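Novice: Next come the chains, spelled out residue by residue.
6 protein chains.
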Amino acid sequence: MPVQDLPMPPSPAPTSPAIGGDNDDEAWVWAQIRAEARRDADSEPALASYLYSTIISHSSLSRSLSFHLGNKLCSSTLLSTLLYDLFLNTHSSDPSLRSATVADLRASRIRDPACTSFSHCLLNYKGFLAIQAHRVAHKLWAQNRKPLALALQSRIADVFSVDIHPGARIGKGILLDHATGVVIGETAVVGNNVSILHHVTLGGTGKAGGDRHPKIGDGVLIGAGATILGNVRIGEGAKIGAGSLVLNDVPPWTTAVGNPARLVGGKEQPKIHEDVPGESMDHTSFISHWSDYVI
Amino acid sequence: MPVQDLPMPPSPAPTSPAIGGDNDDEAWVWAQIRAEARRDADSEPALASYLYSTIISHSSLSRSLSFHLGNKLCSSTLLSTLLYDLFLNTHSSDPSLRSATVADLRASRIRDPACTSFSHCLLNYKGFLAIQAHRVAHKLWAQNRKPLALALQSRIADVFSVDIHPGARIGKGILLDHATGVVIGETAVVGNNVSILHHVTLGGTGKAGGDRHPKIGDGVLIGAGATILGNVRIGEGAKIGAGSLVLNDVPPWTTAVGNPARLVGGKEQPKIHEDVPGESMDHTSFISHWSDYVI
Amino acid sequence: MPVQDLPMPPSPAPTSPAIGGDNDDEAWVWAQIRAEARRDADSEPALASYLYSTIISHSSLSRSLSFHLGNKLCSSTLLSTLLYDLFLNTHSSDPSLRSATVADLRASRIRDPACTSFSHCLLNYKGFLAIQAHRVAHKLWAQNRKPLALALQSRIADVFSVDIHPGARIGKGILLDHATGVVIGETAVVGNNVSILHHVTLGGTGKAGGDRHPKIGDGVLIGAGATILGNVRIGEGAKIGAGSLVLNDVPPWTTAVGNPARLVGGKEQPKIHEDVPGESMDHTSFISHWSDYVI
Amino acid sequence: MPVQDLPMPPSPAPTSPAIGGDNDDEAWVWAQIRAEARRDADSEPALASYLYSTIISHSSLSRSLSFHLGNKLCSSTLLSTLLYDLFLNTHSSDPSLRSATVADLRASRIRDPACTSFSHCLLNYKGFLAIQAHRVAHKLWAQNRKPLALALQSRIADVFSVDIHPGARIGKGILLDHATGVVIGETAVVGNNVSILHHVTLGGTGKAGGDRHPKIGDGVLIGAGATILGNVRIGEGAKIGAGSLVLNDVPPWTTAVGNPARLVGGKEQPKIHEDVPGESMDHTSFISHWSDYVI
Amino acid sequence: MPVQDLPMPPSPAPTSPAIGGDNDDEAWVWAQIRAEARRDADSEPALASYLYSTIISHSSLSRSLSFHLGNKLCSSTLLSTLLYDLFLNTHSSDPSLRSATVADLRASRIRDPACTSFSHCLLNYKGFLAIQAHRVAHKLWAQNRKPLALALQSRIADVFSVDIHPGARIGKGILLDHATGVVIGETAVVGNNVSILHHVTLGGTGKAGGDRHPKIGDGVLIGAGATILGNVRIGEGAKIGAGSLVLNDVPPWTTAVGNPARLVGGKEQPKIHEDVPGESMDHTSFISHWSDYVI
Amino acid sequence: MPVQDLPMPPSPAPTSPAIGGDNDDEAWVWAQIRAEARRDADSEPALASYLYSTIISHSSLSRSLSFHLGNKLCSSTLLSTLLYDLFLNTHSSDPSLRSATVADLRASRIRDPACTSFSHCLLNYKGFLAIQAHRVAHKLWAQNRKPLALALQSRIADVFSVDIHPGARIGKGILLDHATGVVIGETAVVGNNVSILHHVTLGGTGKAGGDRHPKIGDGVLIGAGATILGNVRIGEGAKIGAGSLVLNDVPPWTTAVGNPARLVGGKEQPKIHEDVPGESMDHTSFISHWSDYVI
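If you read the protein sequences in the order shown, they are chains A, B, C, D, E and F.
Sequential numbering from 1 applies to the first sequence in UniProt numbering.
Sequential numbering from 1 applies to the second sequence in UniProt numbering.
Sequential numbering from 1 applies to the third sequence in UniProt numbering.
Sequential numbering from 1 applies to the fourth sequence in UniProt numbering.
Sequential numbering from 1 applies to the fifth sequence in UniProt numbering.
Sequential numbering from 1 applies to the sixth sequence in UniProt numbering.
FYI, nobody ran anything at the bench for these hints, they're computed from the structure.
Model, not experiment: these values are computed from the prediction.
Check before you lean on any hint, since a few could be wrong.
Heads up, simulated DMTMM-like pairs for lysine to aspartate or glutamate below, C-alpha to C-alpha not over 20 Å straight-line [to be verified]:
hint, chain 1, residue 1, chain 2, residue 2
1, E, K146, E, D94
2, C, K139, A, E44
3, C, K146, C, D94
4, A, K146, A, D211
5, C, K146, A, E36
6, B, K146, C, D42
7, F, K139, F, E186
8, C, K146, C, D211
9, D, K146, F, E36
10, A, K139, A, D94
11, C, K146, A, D42
12, E, K139, D, E44
13, A, K215, A, E186
14, F, K139, E, E44
15, C, K215, C, E236
16, E, K215, E, D249
17, E, K146, D, D42
18, A, K146, A, D158
19, A, K146, A, E186
20, D, K139, F, E44
21, F, K146, E, D42
22, B, K146, C, E44
23, B, K139, C, E44
24, A, K146, B, E36
25, C, K146, A, E44
26, B, K146, B, D211
Each pair of labels, with its calculated beta carbon distance range [stated by the list, open to error]:
hint, chain 1, residue 1, chain 2, residue 2, range
27, A, R39, B, A31, 54 to 60 Å
28, D, D94, F, L263, 50 to 56 Å
29, E, Q143, A, R39, 42 to 48 Å
30, A, S43, E, A31, 16 to 22 Å
31, A, D211, B, R38, 27 to 33 Å
32, E, A31, F, G209, 24 to 30 Å
33, C, S75, A, S59, 20 to 26 Å
Just so you know, even glycine gets a beta-carbon here, dropped at the ideal spot from N, CA and C.
Model the full structure from these sequences, guided by the hints.
Specialist: Set out below in structure tokens:
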């Protein structure tokens, strides 16, 4: 069954020449973003002010992102200066947050054919922005600053229509495509390199409290409108068809489709995509498996 | 089939010692909210300003709610002062609105395990806030102030992504969980103590005008993404599975699942939950009925 | 199967006496809108300021719409004056944009029984407003002003929770009812007089780049929550049931329902609705076809 | 010496037919203001929204004034809803504040030839608005709510460039013309029917604390840029020339001019102006006294 | 007596190579402004967004100025889009307004040694901006759109602390230096190439209505804090000392100083400054005349 | 002659027990400010949100001041986040700025009898806030970031009506009382412990460029409305009467009054005030000298 919008990039994906660690990678991506923004500012004067204020005037990706999120998520009662401060202090001081941001940027750039530049993702992708804000809320939650974490969740839900409980643990390299209506519960766990389309629910079982939300393995792809409920395991590399309702475990490298969901794909090649050209998981390979079920 | 996020509270639910009427109950809940906000303000200075402006500085629940809604729903062309005035005048003068607000707060506090305090619901739950604003819009609609009611509907739809026609009649003790994408049509009626998850549609039949939307009985539970269309009756205590499409009546105490929906549960114990410990309807009891249909 | 909210208007639909071209029609609709707004301002002083600023003070529909969109879509980093200028210059100079706006207003007024006036649609319908803003973004995209077009897309997605890629080609006379959660991909094409409910996805196939999104024929009706994926053709006058998942072509005048979708309707009368009384396609005629599949 | 802008009205001054008390007078003035605003809204669509939101939509002068002041004096950290509430509760519950507002409106309307309507004063005169906000701050001061009173003083000083200590006691029927730069100290007292031009200082003596600011009698006229320092008495009906520096008492019905000030006028006719046609004090009668001192 | 801040420019004043008319001159100045802004944006990233939004993104001086004024003078009840529209329509359609703007820019650039670039004046000089907004208000006044003109006056007085009645007629090439506290009455007339410092009052006489304010000739210089009252004539090329109080006519090419003012300068060379190097009136030549009067 | 508002504090001035350096002093003052704000928040719930957001939630005086200035001086085109960042980075990294802020707070607290707490000054004194913002602008100027420094000057002039050229050098322990209308030119120098009332001008001579503004010695007191023009020296401990016009040097410990100014005081006791109880210069001692000149 085809899931949407998740192909290989039409042109060779951008790669960092850096062999060094995360810092080098962050620096390279940030340099790309600034170069893209400068190019766009030159070609589109009407957008130049926006590009300077959100990207070009900043000295780091953390500052740019914190500025952008602060201005997106602020309200008349939660001021942009407060949020900016909160994001900047949290994000710039935590290397794991910064490397996750870079991995998410790469995920969008490589897996979403509509994503033509890093700066496009940074500026315009509500899924990307919601995830970055969630990571800060999650860190606050872990520090037992729960009221502040929940206030952030609320702002993310209002502004982006993405509702992720700050307790949820989310890996790196996440693509939250289109993102409107995504709901992820408190005890959900999402692995690395997962792609989640809009209207996806990782919901609870109805068990009071406790561990009651799905566990999503690395490299999983979840189609638009899929609903996964309860403390079930979606194995590594599995694919969940659009509109599916999943209430049980799904084995690794398997495809589940339908309402309620049925397993339709056999074991696939167990090769995790890593967002580098030539190694990317083919998010479309299970289309053929589902063709019998459709018109 | 498991529906999500609707279990019993892990700890004993808070109860009001008051034996008196609604006023006592409102006073008790408001005192709780203020105490919670003060505690959070003490522990989290970054949030204290927000908590004081939205809760602690106000002399009543009506004022706090009106302030919060006014600032959430205002825009550059619909000023916060106008909306604040409208909410305050309507809400503080109508005891039934105030008791409905209290019942909704209790519903979230008891039925949603992620809801750890009344103030969390008041501040952060877009479903709760959307319902409160709708109640005011509905009252305006009943007073034939339709253009203003429709303008409110539009603001609620923009800000919370919850689209409830001001003509719809909604009972008390409603939990609108996560809430993004909920659509409720003009002639819909929703009973008391109903729980509705996100992406739920109570839509029209296509009949021109007239009574064309669902009638939802007391204590009904509607799972995420369920679509109920037409002037159908969902009986008291019924449960609608996540992702279901319902086009016909569902008898009381029955469960309907699937697209299109099938009845899967027999008659259950006809005991309406009333959000007090020991009497709460078990929203999860129908999970077993659906296990055959899933992977 | 009933799809919702798309009947004939209960009262005779308003018609323009003008026999002339689009200009006459636009003038007539604009005159109606102003008259409605004046009537509402007289009856509801609390709303008068809003009605004057958004409608009555303006000399043309283009100005009113540009003002309204500029104030709806602005942010602290994309100022209302910039957006107003952009919308006004683009909209007022392009007769095809203006006639599309008029056709969309008519579509809402005629097909949606909850739409009681043109001004109600202009002011309050997020689907209508999202489409109008998209048309401007699409024109910018065609002029190769892509960064600006994508920034507009992002604002529309944030504010209205409607995510339409600026590359998508959308016809005239579109009703985007309720609209929350609608996603339309880059290479999608939507014909004239199409009605699309909320949560509808016109998504990609997973093919990298290229022509990968659905093609929707004239007069098609797509129910709430339907997901259509890939470069498939939905023929003229076809109907897609609520909650359906469509992965293959659907012939003209045919109905598809279910997840995955099945064809349930035979060929119907090939008469395209044109939003004038007596000629309107009956969006509800296929309800009977689906009754077997439901409870 | 000519003082400026304080002549008789060119046309017969408006009078209230009401013989009743302050309530009747307030009602009559409010009716005038609304009629003026409606007339202006009809003739100037671009201003209609502003006139409706600030005047026409309100049910009383207190509400209109509180709305206008709340929106003028708010900031990102002192919200309009808070200020609106504060002004409305204070102003509407205190008949003396309301009658003072009416008297000030009359003072501007009668004494300032540039003031062509009551609504012009209510909307546009920063001196009038600063005085009304001060009256509320003064009441808070008297209730020992000093931090809030001082915060209001600060906002008035920022927005209107008028700095009146909340402790200062100000009479009724005050015309604060142009108003920029007016400074009035904590222990100053200003009588009724006083006219004060811009840049006027009623400052302290340098004595530590205590009663250290001027006492201004009824019907006094103080020209632009005059500086009066210390606990001196300016007698009833006295006139202080523009640019004068006054450090000693000035007897009633006397004129003082120059830096330092000299008495130049003899005793004048001891007839207090009361802002009704034919009885108004002639604010220009002392011009002749000063003609020797000028070029 | 020295008046302040009005010397020759230290470096050769910029000249337009254009020999053509006003249009050429406007184009040349606008090109200079954009070049300055681009240079500053390159050197100061923190300011680049501001410079792009206010200057570089605009296609004409009228658009840039209208955008800047709209955003400076807007309030929560008078939206920036409304003001932008008003300024743009008025300014861009009236060549005399445009040439006056250019002349005022030149006046600041040449006469104020602290004015180092045209863009500095356009962006930062509240006197310049107040005058430009006044010119629009004056045109509205002349068109009998008085309520709107008075609302503009009020906004200018709030934001810039400059209070110019919209009826006042102001020439070209005006330098309103520092500007805070300037008050100019309804029937005042100010000639061309006049320099006015802060705190200057051109006030009324106290005559009821009628022609009651000063008439200021071409090339006059009025020092800080000077007060000129009544329908007096200040002759061409005259100079009024700082802090002076002027109540009678002042002959051309004469200097008046003191409170009350005395004539101290004899006839000077009757050569009007025209803001071109070598021909500029020496605003400081009368310093020597006053030296006897000072300490 | 009495100058106003500058006496000894009525109660013993607050002293720091710290014997250490500036850091200890800053810490002590900051602790006082927080304690005051907490006390006020407890007693006045309506102000608590404001006090938390501006003071109590911050971890240092630099953060509190930067937040407050950022929100006061921001506009729709110069965002609060940008200004906050700029102030915070500049202020927190420069000990001399921080010690100047503390000295200014002490100056207001000790010399102004209306200043009843440090927090009152920090929150409400536009003169204090204008000086702090100027110090940042001056530092930018010194770093040759002139366009940004001038933009700050412009915002300070708009918001506080205080116009200080960023080139001006200002000492520590400055009291800018009331502050409206103060103008200080580019080459002015102001010593330590200087008190300046509102409407004071330190203006230029008319010499083109160069060093053309006054030099004000330590401990000088300048009364309201005084105008000092040209590169003149006002000696240590001198006093300038309100409304004076000073065009020549004034010797140390001397008093100058009048327009034009005359020396009226003999040499006084050469004891500089240092804002500690018992050592404070008596700002009122020259009153007796001037009594002959007045009425």
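Novice: Does each hint hold? Answer for all of them.
Specialist: Results of checking the hints against the structure:
For the proposed pair E:K146 and E:D94, the alpha carbon gap of about 19 Å is at most 20 Å, so the pair holds. Pair hint C:K139 plus A:E44 holds up; C-alpha atoms about 15 Å apart against a cutoff of 20 Å. In summary, the hint linking C:K146 to C:D94 is supported, as the alpha carbons are separated by about 19 Å, within the 20 Å threshold. Our distance criterion of 20 Å between C-alpha atoms is met by A:K146 and A:D211, whose separation comes to about 18 Å.
As the CA atoms of C:K146 and A:E36 are separated by approximately 12 Å, the hinted pair is consistent with the 20 Å bound. For the hint pairing B:K146 with C:D42, the CA-to-CA distance comes to about 13 Å; that is within 20 Å, so the pair holds. For the hint linking F:K139 to F:E186, the alpha-carbon distance of about 14 Å falls within 20 Å, and the restraint holds. For the suggested pair C:K146 and C:D211, the alpha carbons sit about 18 Å apart, so the restraint of at most 20 Å is met.
Under the criterion of a C-alpha separation no larger than 20 Å, the hint pairing D:K146 with F:E36 is consistent with the structure, at around 13 Å. At most 20 Å may separate the alpha-carbon atoms for a hinted pair to count; A:K139 and A:D94 meet this at roughly 10 Å. Restraint check for C:K146 and A:D42: the C-alpha separation of about 13 Å stays at or below 20 Å, so the hint holds. Distance restraint check for E:K139 and D:E44: the Cα-Cα separation of roughly 15 Å lies within the 20 Å cut-off, and the hinted pair is therefore satisfied.
Simply put, A:K215 and A:E186 have alpha-carbon atoms about 11 Å apart, close enough for the 20 Å limit, and the pair holds. Simply put, F:K139 and E:E44 have alpha-carbon atoms about 15 Å apart, close enough for the 20 Å limit, and the pair holds. Only pairs whose Cα atoms come within 20 Å are accepted, and C:K215 paired with C:E236 is accepted, the gap being roughly 10 Å. Only pairs whose Cα atoms come within 20 Å are accepted, and E:K215 paired with E:D249 is accepted, the gap being roughly 9 Å.
Simply put, E:K146 and D:D42 have alpha-carbon atoms about 13 Å apart, close enough for the 20 Å limit, and the pair holds. Note on A:K146 and A:D158: the hinted pairing holds, with a Cα-Cα distance of about 18 Å set against a maximum of 20 Å. For the hint linking A:K146 to A:E186, the alpha-carbon distance of about 12 Å falls within 20 Å, and the restraint holds. Proposed proximity of D:K139 and F:E44 is supported: the alpha carbons are some 15 Å apart, at most 20 Å.
The suggested pairing of F:K146 with E:D42 holds, with an alpha-carbon distance near 13 Å, which does not exceed 20 Å. For the hint linking B:K146 to C:E44, the alpha-carbon distance of about 9 Å falls within 20 Å, and the restraint holds. Restraint check for B:K139 and C:E44: satisfied, since their Cα atoms lie roughly 15 Å apart, inside the 20 Å limit. The suggested pairing of A:K146 with B:E36 holds, with an alpha-carbon distance near 13 Å, which does not exceed 20 Å.
Distance check on the hinted pair: C:K146 and A:E44 sit about 9 Å apart at the alpha-carbon level, within 20 Å; holds. For the given pair, B:K146 sits about 18 Å from B:D211 by alpha-carbon distance, which is consistent with the 20 Å threshold. Between A:R39 and B:A31 the C-beta distance comes to about 58 Å, which sits within the given range of 54 to 60 Å. Under the hint 50 to 56 Å, the C-beta atoms of D:D94 and F:L263, about 51 Å apart, fit the expected range.
A beta carbon spacing of about 46 Å between E:Q143 and A:R39 agrees with the range 42 to 48 Å that was offered as a hint. Between A:S43 and E:A31, the C-beta spacing of about 20 Å keeps the proposed range 16 to 22 Å intact. For the pair A:D211 and B:R38, the beta carbons lie near 32 Å from each other, so the given range of 27 to 33 Å is met. Separated by about 26 Å at the C-beta atoms, E:A31 and F:G209 satisfy the suggested range of 24 to 30 Å.
Under the hint 20 to 26 Å, the C-beta atoms of C:S75 and A:S59, about 23 Å apart, fit the expected range.
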